[in-house]
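Protein chains: 2
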Amino acid sequence: MKNTLLLTPGPVPIPNFVHEAIAKPVIHHRTSVFEAFYDELLSNFKYLFQTEKYVCSMMGSGTYGVEVAMYSLFRPENEILVVNNGKFSQRWADYGNLLGLKVTDLGKEWGRGVEPNEVLEAFEKMKTPKGVVLTHSETSTGGLIDLEEMAFSIRHIYPEMIIVVDAITSVGTIPFYFDEWQIDCAVVASQKALMNPAGTVAFALSERAEQTLINTHEADFRNLYNFLHWAKRKNYPYTPPVSLLFGLKAATDHIKSETLPKIWNKTHLAAKYFRNSIIELGGEIFAEKPSDSLTAFFIPSLNTTIMLNELENTFGLKLSGGQGELKGKIARISHMGMADIKAGRACINALTDLIYCID
Amino acid sequence: MKNTLLLTPGPVPIPNFVHEAIAKPVIHHRTSVFEAFYDELLSNFKYLFQTEKYVCSMMGSGTYGVEVAMYSLFRPENEILVVNNGKFSQRWADYGNLLGLKVTDLGKEWGRGVEPNEVLEAFEKMKTPKGVVLTHSETSTGGLIDLEEMAFSIRHIYPEMIIVVDAITSVGTIPFYFDEWQIDCAVVASQKALMNPAGTVAFALSERAEQTLINTHEADFRNLYNFLHWAKRKNYPYTPPVSLLFGLKAATDHIKSETLPKIWNKTHLAAKYFRNSIIELGGEIFAEKPSDSLTAFFIPSLNTTIMLNELENTFGLKLSGGQGELKGKIARISHMGMADIKAGRACINALTDLIYCID
Numbered sequence: 001m002k003n004t005l006l007l008t009p010g011p012v013p014i015p016n017f018v019h020e021a022i023a024k025p026v027i028h029h030r031t032s033v034f035e036a037f038y039d040e041l042l043s044n045f046k047y048l049f050q051t052e053k054y055v056c057s058m059m060g061s062g063t064y065g066v067e068v069a070m071y072s073l074f075r076p077e078n079e080i081l082v083v084n085n086g087k088f089s090q091r092w093a094d095y096g097n098l099l100g101l102k103v104t105d106l107g108k109e110w111g112r113g114v115e116p117n118e119v120l121e122a123f124e125k126m127k128t129p130k131g132v133v134l135t136h137s138e139t140s141t142g143g144l145i146d147l148e149e150m151a152f153s154i155r156h157i158y159p160e161m162i163i164v165v166d167a168i169t170s171v172g173t174i175p176f177y178f179d180e181w182q183i184d185c186a187v188v189a190s191q192k193a194l195m196n197p198a199g200t201v202a203f204a205l206s207e208r209a210e211q212t213l214i215n216t217h218e219a220d221f222r223n224l225y226n227f228l229h230w231a232k233r234k235n236y237p238y239t240p241p242v243s244l245l246f247g248l249k250a251a252t253d254h255i256k257s258e259t260l261p262k263i264w265n266k267t268h269l270a271a272k273y274f275r276n277s278i279i280e281l282g283g284e285i286f287a288e289k290p291s292d293s294l295t296a297f298f299i300p301s302l303n304t305t306i307m308l309n310e311l312e313n314t315f316g317l318k319l320s321g322g323q324g325e326l327k328g329k330i331a332r333i334s335h336m337g338m339a340d341i342k343a344g345r346a347c348i349n350a351l352t353d354l355i356y357c358i359d
Numbered sequence: 360m361k362n363t364l365l366l367t368p369g370p371v372p373i374p375n376f377v378h379e380a381i382a383k384p385v386i387h388h389r390t391s392v393f394e395a396f397y398d399e400l401l402s403n404f405k406y407l408f409q410t411e412k413y414v415c416s417m418m419g420s421g422t423y424g425v426e427v428a429m430y431s432l433f434r435p436e437n438e439i440l441v442v443n444n445g446k447f448s449q450r451w452a453d454y455g456n457l458l459g460l461k462v463t464d465l466g467k468e469w470g471r472g473v474e475p476n477e478v479l480e481a482f483e484k485m486k487t488p489k490g491v492v493l494t495h496s497e498t499s500t501g502g503l504i505d506l507e508e509m510a511f512s513i514r515h516i517y518p519e520m521i522i523v524v525d526a527i528t529s530v531g532t533i534p535f536y537f538d539e540w541q542i543d544c545a546v547v548a549s550q551k552a553l554m555n556p557a558g559t560v561a562f563a564l565s566e567r568a569e570q571t572l573i574n575t576h577e578a579d580f581r582n583l584y585n586f587l588h589w590a591k592r593k594n595y596p597y598t599p600p601v602s603l604l605f606g607l608k609a610a611t612d613h614i615k616s617e618t619l620p621k622i623w624n625k626t627h628l629a630a631k632y633f634r635n636s637i638i639e640l641g642g643e644i645f646a647e648k649p650s651d652s653l654t655a656f657f658i659p660s661l662n663t664t665i666m667l668n669e670l671e672n673t674f675g676l677k678l679s680g681g682q683g684e685l686k687g688k689i690a691r692i693s694h695m696g697m698a699d700i701k702a703g704r705a706c707i708n709a710l711t712d713l714i715y716c717i718d
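For the protein sequence lines, the chains are A and B, in the order given. Each residue of the first sequence is one higher than the one before, counting from 1 in the numbering used here. Each residue of the second sequence is one higher than the one before, counting from 360 in the numbering used here.
Note that these hints are calculated values from the structure, not bench results. All residues carry an ideal CB built from backbone N, CA and C; glycine is no exception. Hints are not guaranteed to be accurate.
Listed next, with one range per pair, are the computed distances between beta-carbon atoms [stated by the list, open to error]:
no., chain 1, residue 1, chain 2, residue 2, range
1, A, Ile-341, B, Asn-708, 54 to 62 Å
2, A, Ala-36, B, Phe-376, 56 to 64 Å
3, A, Thr-31, B, Pro-435, 36 to 44 Å
4, B, Asn-624, A, Asp-353, 55 to 63 Å
5, A, Glu-284, B, Ser-402, 43 to 51 Å
6, A, Asn-313, B, Thr-673, 53 to 61 Å
7, B, Tyr-406, A, Cys-357, 45 to 53 Å
8, B, Ser-402, A, Glu-148, 33 to 41 Å
9, A, Glu-35, B, Glu-480, 42 to 50 Å
10, B, Gly-641, A, Asp-253, 43 to 51 Å
11, A, Ile-341, B, Phe-376, 53 to 61 Å
12, A, Thr-31, B, Phe-376, 25 to 33 Å
13, A, Ile-341, B, Pro-435, 47 to 55 Å
Start from the sequences, fold in the hints, and give me the full structure.
And the structure:
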């Protein structure tokens, strides 16, 4: 297999120190050694989410993580609002319907920003709204919700609202304050800012969220109650992906020692540099309110599909295209983890070559 | 962390060549390179299950895999039989109830063998049995179901019965013939005979099983329909655990080159040697019909809990204890993957020391 620089907004390249951690001999999970290890990992997760509340982890992709959160926090017939302006937020609306929830789908054009007053107006049309699902950084469009403002506005009027956040491409890459912003449940996945293979998700949960969880049954694999209950005892209800947890420990240790503010700033500068350069090249940023985690863009003078092929085959830079209705219309580049400002510059240089046909 | 030889029946030690494969640079999954790779992995899975039918894989633990199979193949109100003689088969009965299935729980004493005529008698008391869940090798007791005979007896009388097999500690370690035995759905997990980190499950499905699957929705993460549908196009519906799939490819390549019959024989000899030696030492084998994948045993002259601690702390050999009601009553040792006859002999030597107080 040819090695290409992965600049897709997940999966991201995995640093060597993570691979080395994954390759450590497996330890058994029903041991005090595992529990001491998992305790440290959970404390790293708390740092990542900026919370003193509850954290736990589970095997699965980011999609699975949000589904588990929705399944565990809401019951059939509960009324929830989904702020939907991209492929992933669309998925949470679809999944809510599948669960038998009464979903109000605040569907907006993909890439468009959503304001708190639009959310509050939507709540007013609902009978007894129980919760809301917000996608902080929408990976399909590169769009951002101003979560601090949004959560504050909601909490101000609805003190008991369950606020669920898809933080899959936000935690560990852009500012996120679980406790301060009074979020109830946030989900992050391993294959984004955590620079690990896909396979693990981590959750943060407020007391309000914890009280909402129902102890259905040990065999209910999607039930966060089980995972949280076991996480309090520093363990897993089922066989944990020990090797993957070793990888996550190495990555979160690294993030902790680098410190979040420094990483947030690095991501911000890389994103800002990239956006400005795209505009200078005559290109456009797709999202109305762009997230710093990734940039979705297009260059009117280039066919997006051909551009993506050229970047990969001629320059060894693998970006993502658009998903669903955005296929062929946008390119997406990550600014997370090892996809730093240098990687962004390599892409800008390649695009310059393509635009000016330097051959 | 101290390195101990892991002889637990999952997780198992991971060979270096698997770690090296996991550490390869991640490739993006929406590419022809990934699809060519995944196609080869699926063909390795076919070899493992001994099938020409359908295979697919999913993130998760073995428990999750069996749950997904039950969720996808049966609908609420379907009548199913669960052959239950250990902790894991008990879990499938519990989960069936949770799904709203009409579960006939053929509950037998843990460790006791179950005969085809018992299963057929149970079917006769049911109205319109749709399916049966069999745990081929019960990891909690070391017990085996004679799957060839059982499946033949069921199929002979019930040609349309959906036969679901928990093959988590059987595929890749003891003889298993999906097509020949006319199984409809079998589940194997990565952290057993496949010598990989926990995190991935693979499924084999018959045409009968495929026709039973309902296309609920893309967002229904537990729906095998989605995974099978995508596997036919050599891809995943969501972000796959690419690094873990690299590891599985390395392990299954290895199994293929060693050949299954050779591995089955090696496992059989290791298990037979271990069982005979335990009996020579005055010990007893727990299961009435023991599986070759692992041995559950106890030695009346030794306290099991103390024995397990001594094995680990003095001899560096980590075995498992009993689960649930068997806690403190049995020890369990793996004969899968790298837990070979040499590892078994190390354990027998240590037990000899413990019994004869050689100090």
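Is it true that A/Asn-313 and B/Thr-673 lie within 53 to 61 Å of each other by Cβ? holds, 59 Å
Hint check for B/Phe-376 and A/Ala-36 - Cβ pair distance inside 56 to 64 Å: violated, 30 Å
If you check the beta carbons of B/Gly-641 and A/Asp-253, does the distance land in 43 to 51 Å? holds, 48 Å
If you check the beta carbons of B/Ser-402 and A/Glu-148, does the distance land in 33 to 41 Å? violated, 50 Å
Does the beta carbon distance between B/Tyr-406 and A/Cys-357 stay inside 45 to 53 Å, or does it fall outside? holds, 50 Å
Within 43 to 51 Å: is that where the Cβ-Cβ distance between A/Glu-284 and B/Ser-402 falls? holds, 44 Å
Between B/Asn-624 and A/Asp-353, is the Cβ distance one that fits in 55 to 63 Å? holds, 59 Å
Measuring from beta carbon to beta carbon, are A/Ile-341 and B/Phe-376 in 53 to 61 Å? violated, 37 Å
Falls inside 42 to 50 Å, the C-beta gap from A/Glu-35 to B/Glu-480? holds, 45 Å
Does 36 to 44 Å hold as the CB distance between A/Thr-31 and B/Pro-435, or does it fail? holds, 39 Å
Could you see if the CB distance from A/Thr-31 to B/Phe-376 stays within 25 to 33 Å? At roughly 26 Å between Cβ atoms, B/Phe-376 and A/Thr-31 fall inside 25 to 33 Å, so the hint holds.
Satisfaction of the hinted span 54 to 62 Å by the C-beta atoms belonging to A/Ile-341 and B/Asn-708: Holds - the Cβ-Cβ distance for A/Ile-341 and B/Asn-708, about 58 Å, lies within 54 to 62 Å.
Checked against the numbered hints above, the structure violates hints 2, 8, 11; every other hint is satisfied.
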